[in-house]
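S.K.: In full-length UniProt numbering, the protein residues as written are 1 to 158.
Mixed in with the good hints, there may be bad ones.
[Said to hold, decoys possible] Lysine-lysine pairs mimicking DSBU-like chemistry, simulated, CA-CA at most 30 Å apart: (1) 149 / 113; (2) 108 / 149; (3) 108 / 23; (4) 149 / 26; (5) 23 / 113.
[To be verified] DEER-style ranges, computed between Cβ atoms: (6) 27 / 118: 32 to 38 Å; (7) 17 / 48: 38 to 44 Å; (8) 105 / 25: 25 to 31 Å; (9) 107 / 62: 17 to 23 Å; (10) 58 / 105: 47 to 53 Å; (11) 144 / 63: 39 to 45 Å; (12) 144 / 119: 29 to 35 Å; (13) 145 / 86: 32 to 38 Å; (14) 153 / 39: 39 to 45 Å; (15) 63 / 99: 20 to 26 Å.
To be clear, the hints were calculated from the coordinates, so they are not data collected in a lab. For glycine and all other residues, C-beta sits at the position ideal for the given N, C-alpha and C.
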Amino acid sequence: WLSPALPCPDVLMFETEDLVLRKNEKNFVLCLLELARHASRFGMRAPTLVQMEEEIEEELRQELELPPPEPTLPRGPRRAPRDLQNLDQMVQHLVSRCTCPVQFPMIKISEGKYRVGDSDSLIFVRILREHVMVRVGGGWDTLEHYLDKHDPCRCTSL
1 WLSPALPCPD VLMFETEDLV LRKNEKNFVL CLLELARHAS RFGMRAPTLV QMEEEIEEEL
61 RQELELPPPE PTLPRGPRRA PRDLQNLDQM VQHLVSRCTC PVQFPMIKIS EGKYRVGDSD
121 SLIFVRILRE HVMVRVGGGW DTLEHYLDKH DPCRCTSL
């Protein structure tokens, strides 16, 4: 149903029955987010998740000193930046639930960027409504769920 004028990767496309019969709601949501990304280039206000992705991409571009992408039409109003001190407090609260003798390390590198575990892995963290969200691959997860999978004292055996 999507016009060829709006390129959307096949991976993100969905069949009508995916939504109507609730077979694959995830593809429907991913497709809508992709459409919102395209629409934001033409001045529509992007959903908060898309805005957070853009913030992270801009941070990465600045770190690598890459030129900004080609300018398009003026953007819609941006969301106000979140209280990052509150973000840090929320992150520390979730990490403090660790019951290991040596607490699972989550070290703040800069605003909204943390080094996790014993590796050099960096994660980007933002607040979405009342949830602390982590950028994981091409998607988002709650920090609580992320820690459930990576913190040794919270991991559930498979």
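S.K.: Against each hint, give a clear statement of whether it holds in the structure.
M.R.: Hints and how they fare:
1. As the CA atoms of residue 149 and residue 113 are separated by approximately 19 Å, the hinted pair is consistent with the 30 Å bound.
2. For the hint linking residue 108 to residue 149, the alpha-carbon distance of about 20 Å falls within 30 Å, and the restraint holds.
3. Between residue 108 and residue 23, the direct Cα distance comes to roughly 40 Å. Violation of the 30 Å bound is thereby established for this hinted pair.
4. As the CA atoms of residue 149 and residue 26 are separated by approximately 21 Å, the hinted pair is consistent with the 30 Å bound.
5. Distance hint between residue 23 and residue 113 is unfulfilled; the C-alpha atoms sit about 35 Å from each other, more than 30 Å.
6. In this structure the supplied range 32 to 38 Å holds for residue 27 paired with residue 118, their Cβ-Cβ distance being about 36 Å.
7. Look at residue 17 against residue 48: about 29 Å separates their beta carbons, and that is not inside 38 to 44 Å.
8. Look at residue 105 against residue 25: about 36 Å separates their beta carbons, and that is not inside 25 to 31 Å.
9. Remark: the range hint 17 to 23 Å for residue 107 to residue 62 is upheld by a beta-carbon distance near 21 Å.
10. Under the hint 47 to 53 Å, the C-beta atoms of residue 58 and residue 105, about 27 Å apart, miss the expected range.
11. Taking the beta carbon of each, residue 144 and residue 63 are about 27 Å apart, not inside 39 to 45 Å as hinted.
12. As the Cβ distance of residue 144 to residue 119 is approximately 20 Å, the hint placing it in 29 to 35 Å is violated.
13. One distance hint, 32 to 38 Å for the beta-carbon pair residue 145 and residue 86, is violated here, with the actual separation near 20 Å.
14. Between residue 153 and residue 39 the beta carbon distance is about 43 Å. The supplied range of 39 to 45 Å therefore holds.
15. Between residue 63 and residue 99 the C-beta distance comes to about 34 Å, which lies outside the given range of 20 to 26 Å.
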